[in-house]
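Based on the provided sequences and hints, a complete structural model is requested.
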Amino acid sequence: MTERELVRSAQKGDDGAFEALVRSYEKRVYHLALRMCGNAEDAYEVAQEAFLSAWRGLRFFRGESSFSTWIYRLTSNAAIDFIRRRRRQGGGESVSLDDEDIFLEVADPAPSPHQQAERLELREAVAQGLAALSPEHRQVLLLRELQGMSYEEIAACLDLDLGTVKSRIARGREKLRKYLLASGNFSSYLPSNLTEKEG
Amino acid sequence: MEHCEKYAPLISAAVDGELCPAERRELMDHLAQCPACREIYGEMMAMHEAFSQLDAEVPGDLTGDVMAKVRTQKQVRKPRHAWWQIAAAAACCALVFLGYQHLQGGSPADQVAEATSGKAASYAVPMDENASQAVSEPSAAASAQSGTDSAVVSESTEEAAARDPENSTTAAADQEIMENVLTYFRSCAPRVSATMTGEAADEAQEEETGAVPCPTLSSSAPELEMWVIENIPAEGYSSDDATGARAWLITAEEYETLRDYLDQEGIPYTFDDAGDPAEGQETREMVCVVYLETEAES
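Each protein sequence line maps, in turn, to chains B and A. At position 104 of the first sequence (counting the first as 1) the number is 120 in the numbering used here, and the numbers step up by one without a gap. At position 87 of the second sequence (counting the first as 1) the number is 171 in the numbering used here, and the numbers step up by one without a gap.
Any given hint could turn out to be false.
Covered stretches of chain A, going by a simulated chain B footprint (3 or more residues, C-beta under 8 Å) [stated by the list, open to error]:
no., segment
1, 97 to 111
2, 137 to 143
3, 346 to 352
Here are the simulated DSSO-like cross-link-like pairs (lysine-lysine), alpha carbons at most 30 Å apart as the crow flies [to be verified]:
no., chain 1, residue 1, chain 2, residue 2
4, B, 43, B, 28
5, A, 90, B, 194
6, B, 28, A, 153
7, B, 43, A, 153
8, A, 158, B, 43
9, B, 43, B, 191
10, B, 28, A, 158
11, A, 90, B, 191
Honestly, the hints are just simulated from the structure, not real lab data. Where a beta carbon is used, it is the ideal one built from N, C-alpha and C, also for glycine.
Following this line, the structure appears as C-alpha cells:
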C-alpha cells in the first residue's frame, strides 16, 4: 500500500494501517523529538504523544499537506509543549553528556583518525548547542536540518510566513554558531588561514 | 563589521540553497570582499554537515507502545446511543427538570441561573447518575443546534441562562458535562490542578498552592476539536461519561489564536472567564477548552 492509501485506511479506523505508518515514521519522529528535547526519555514520551495525536486527529487530516509534514508538526509542537510543561514544573532541560544517542556513529567514508575525532566533537557540540536555542528556533532549524524540509514546506507545516521561517533559521544558526565558537569547536575544523579573525 | 549582520540571513539561506539568483549574486559579491563573512559561511557549512551526521536509534518498542495505547483507546470509546434511547432520555430530561423546579420553587430561569453560577460544585440536582447522563446527551445536541442558530459567543453560562431561559437547560447540561470532564482531569494528573473550580479547588489547594479556577471555552462545533488536534500538542482528556466530551489545557496565547479562528469562521462557542485571579496569584496562563461531542456529528 502507498502511504496515501495507508492514511486513507487508517482514517477509517484501520489500526493495522496506522501501525504501518507509525513503523515507517518512528525513527524520524523519534529523532526530531530527541533533538528537540535533548534526552532519550523525554523524546520517547513526546514521540508517543505525537503518534497518539495523529491517531486521534486522523479523521480531520484533509490530506492537503503531506502526511509527513503533518506528523512533524505534531511532533515538534508536542516537544515544545513538553518543554514548556517541564519549565513550569521547575525542572531544567537536560542535555545529557552521557546520552549515547547523541554520539551515535554514522557510516563515514573512511576519514583519518584525527579527522574522525574532530568531526565527532563537532557533531556532539552541535547536538548540545541546540539546548542554547529557544524551542521555537530549535524547531525550525531541526525541520530544516533533520527532516530536510524546504522553507516553504516549513512555513506550511507550522503556519508561519516564509520571512519568519527564513529569519528564525538564520537566527538559530547564528546562536548555534556563537555557542560553538565560545566552546572552541570550530578552530580544528576549518583551514587555518580562515581562523584568524579580523578586527 | 556591523553592516555584515545583514548578510547573516543570506548566508544561512545560501547553506539551504534557498537564495534567488539576485540574492546569490549580492552575497557572492560581498563574500569576495569580506573575509569575516567567508569565515561565517564556512562555519555554517560545517554546522550543516555536522547536522547531517546526527542520527538516533529508537530505544525500546516505540511502535508497539503506541499501538498498545491506540488499541486501548479504541476499546474504551463508548458506542453512541440508539435513537430510542435519546427519545427516552429527552422525556426523562423534561420530567427531571420539572421535578427540580417543583422541589426548589421559583422560576426555572432563576434556579438554573443560580445552578449554573461559577461554583460548579454547588450545582446540586436531585437526579440519580443515569438521569444525569441522560440529561447531558440530548441537551448537548440541543445546545449544538441552538449554538448554531443563535451564535452564542463570549458569554458565560450564567449570562446565557439569564438571557434566554429556553436555552437554560442546555447551559446547565453543559456545565455538568464540564464538571464531569474536570473530575476526570483531577483523576488524571496533578499538573492540571489549574482547571479545578469550587470545592475541588479547595481540596487541591492543600496539595498544590497556586491552583486557580480556569477560564474555559466550550463548543460543540467539530471545527473546535479539529483545530485543537492540529494546533495543540498536549494530549487532552476524555470525559468518563457517555457524552464524549473532551478537554484540553492550552496557553493564553494559543487561546487567543483559537478565539480569533472561531470568530473569523463564525463558529459558535461559549467562554467563561472564571473571574479575576486571586490576589497574589500570577495571571492565569492556561485556558481550558472543552469540546462537547454531539449526536449531530457525522
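Each hint, compared with the structure:
Restraint check on the segment 97 to 111 of chain A versus chain B: 4 residues with Cβ-Cβ distances below 8 Å, three needed, restraint holds. Interface restraint, the segment 137 to 143 of chain A with chain B: holds (7 residues with C-beta to C-beta distance below 8 Å; minimum three). For the segment 346 to 352 of chain A, the stated coverage by chain B is violated: 0 residues have a C-beta nearer than 8 Å to a C-beta of that chain, whereas at least 3 were required. Distance check on the hinted pair: residue 43 of chain B and residue 28 of chain B sit about 25 Å apart at the alpha-carbon level, within 30 Å; holds.
Between the alpha carbons of residue 90 of chain A and residue 194 of chain B the distance comes to roughly 16 Å, so the proposed pair stays at or under 30 Å and holds. A distance of roughly 18 Å separates the Cα atoms of residue 28 of chain B and residue 153 of chain A; the hinted pair therefore holds under the 30 Å criterion. The suggested pairing of residue 43 of chain B with residue 153 of chain A holds, with an alpha-carbon distance near 19 Å, which does not exceed 30 Å. Taking the CA atoms of residue 158 of chain A and residue 43 of chain B, the gap is near 25 Å; set against the 30 Å cutoff, the hint holds.
Under the criterion of a C-alpha separation no larger than 30 Å, the hint pairing residue 43 of chain B with residue 191 of chain B is consistent with the structure, at around 27 Å. Of the supplied pair hints, the one linking residue 28 of chain B and residue 158 of chain A holds, its CA atoms being roughly 12 Å apart against a limit of 30 Å. Proximity of residue 90 of chain A to residue 191 of chain B is assessed by CA-CA distance (about 15 Å); at most 30 Å being required, the pair is judged to hold.
Of the numbered hints given earlier, the model fails hint 3 alone.
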